[in-house]
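The task is simple: from the sequences and hints, build the whole structure.
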Amino acid sequence: MGAAWKAMPADLSQPRLGNRVLDLLDDMNNWGEKKTMITEADLFTISHENEMYAHMNVNYMMLDDLPKYNDGWKPVVEAMQKGKFFGTTGEVLMHELKVNGKISGETLALNADGTADIRLKLSWTFPMNFVEVISGDGEKVYREKFDLNETKAFGEQQFHFRPQLKGRKWLRVEAWDSAVNGAFSQTFYVHR
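For what it's worth, the numbering used here labels the leading residue of the sequence shown as 1, then goes sequentially.
Don't read these hints as lab results, they were simulated from the structure. All C-beta atoms in this analysis are idealised placements derived from N, C-alpha and C, irrespective of residue type, glycine included. Misleading hints may appear alongside valid ones.
[Claimed, not checked] Simulated DEER-style distance windows between Cβ atoms:
| # | residue 1 | residue 2 | range |
| --- | --- | --- | --- |
| 1 | D117 | R192 | 12 to 20 Å |
| 2 | D71 | K6 | 27 to 35 Å |
| 3 | A112 | G90 | 35 to 43 Å |
| 4 | K6 | A112 | 36 to 44 Å |
| 5 | K74 | K102 | 18 to 26 Å |
| 6 | M56 | D137 | 31 to 39 Å |
| 7 | N19 | E150 | 20 to 28 Å |
| 8 | L12 | K82 | 29 to 37 Å |
| 9 | D137 | E49 | 44 to 52 Å |
| 10 | H191 | H160 | 19 to 27 Å |
| 11 | N19 | E49 | 29 to 37 Å |
| 12 | I46 | T107 | 35 to 43 Å |
| 13 | Y142 | A112 | 15 to 23 Å |
[What the hints assert, rightly or not] In silico DMTMM-like links for lysine to aspartate or glutamate, alpha-carbon gap of 20 Å or less:
| # | residue 1 | residue 2 |
| --- | --- | --- |
| 14 | K140 | E33 |
| 15 | K6 | D23 |
| 16 | K169 | D26 |
| 17 | K145 | E132 |
| 18 | K6 | D42 |
| 19 | K82 | E96 |
| 20 | K121 | E150 |
| 21 | K102 | D113 |
| 22 | K102 | D64 |
| 23 | K82 | E106 |
| 24 | K102 | E78 |
| 25 | K34 | E106 |
| 26 | K98 | D117 |
| 27 | K35 | D23 |
| 28 | K102 | D117 |
| 29 | K35 | E78 |
| 30 | K68 | E78 |
| 31 | K34 | E78 |
| 32 | K145 | E96 |
| 33 | K35 | E106 |
| 34 | K169 | E144 |
| 35 | K121 | D64 |
| 36 | K98 | E156 |
| 37 | K102 | D65 |
| 38 | K74 | D64 |
| 39 | K121 | E96 |
| 40 | K82 | D27 |
If you want it as structure tokens, here you go:
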């Protein structure tokens, strides 16, 4: 698949978590590799004293139907391989994310002016900080940040962004709150 994301460094010294692995995903995208990045947590022991759920990251799958137990893991594995999921620390959720009508893992065409229409529905616990659209042209990584400092706690909102992506080969979206919790999409690919 590619890589696994953990909320590191966890000292809240940066506005987003897991920079090392997010940057690795950007590198893999620029190399032309169609890789995905799952979230993970290290659980060394499980006992009554563990605060396990506070440290668990979650992968939310985009499935048309809830798989039946008797059908096995195939629908889940296929969705993960195709990038039809997003990762989160749990406090920020991406209920909907479409770029020019496509979902992550799919290939899209840009608008005639080199822009893309990003429709993103988020819900959150703490006030949001920003949404960032990360993209690349095969060599450089580009970032466009959209400030969300006007949001309040326990919110939900539909957003529309129209970044300039002319010459880009891929893009992905991250959303981070004021307490450095976040959610991130898998990669969208741009038709050349």
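Evaluation of the provided hints:
no., hint, result
1, D117 x R192: 12 to 20 Å, "holds, 19 Å"
2, D71 x K6: 27 to 35 Å, "holds, 30 Å"
3, A112 x G90: 35 to 43 Å, "holds, 39 Å"
4, K6 x A112: 36 to 44 Å, "holds, 40 Å"
5, K74 x K102: 18 to 26 Å, "holds, 23 Å"
6, M56 x D137: 31 to 39 Å, "holds, 35 Å"
7, N19 x E150: 20 to 28 Å, "holds, 26 Å"
8, L12 x K82: 29 to 37 Å, "holds, 33 Å"
9, D137 x E49: 44 to 52 Å, "holds, 49 Å"
10, H191 x H160: 19 to 27 Å, "holds, 21 Å"
11, N19 x E49: 29 to 37 Å, "holds, 30 Å"
12, I46 x T107: 35 to 43 Å, "holds, 41 Å"
13, Y142 x A112: 15 to 23 Å, "holds, 20 Å"
14, K140 x E33, "holds, 15 Å"
15, K6 x D23, "holds, 13 Å"
16, K169 x D26, "holds, 11 Å"
17, K145 x E132, "holds, 4 Å"
18, K6 x D42, "holds, 9 Å"
19, K82 x E96, "holds, 17 Å"
20, K121 x E150, "holds, 16 Å"
21, K102 x D113, "holds, 18 Å"
22, K102 x D64, "holds, 15 Å"
23, K82 x E106, "holds, 8 Å"
24, K102 x E78, "holds, 17 Å"
25, K34 x E106, "holds, 10 Å"
26, K98 x D117, "holds, 8 Å"
27, K35 x D23, "holds, 13 Å"
28, K102 x D117, "holds, 10 Å"
29, K35 x E78, "holds, 13 Å"
30, K68 x E78, "holds, 15 Å"
31, K34 x E78, "holds, 14 Å"
32, K145 x E96, "holds, 19 Å"
33, K35 x E106, "holds, 12 Å"
34, K169 x E144, "holds, 15 Å"
35, K121 x D64, "holds, 18 Å"
36, K98 x E156, "holds, 17 Å"
37, K102 x D65, "holds, 19 Å"
38, K74 x D64, "holds, 13 Å"
39, K121 x E96, "holds, 5 Å"
40, K82 x D27, "holds, 18 Å"
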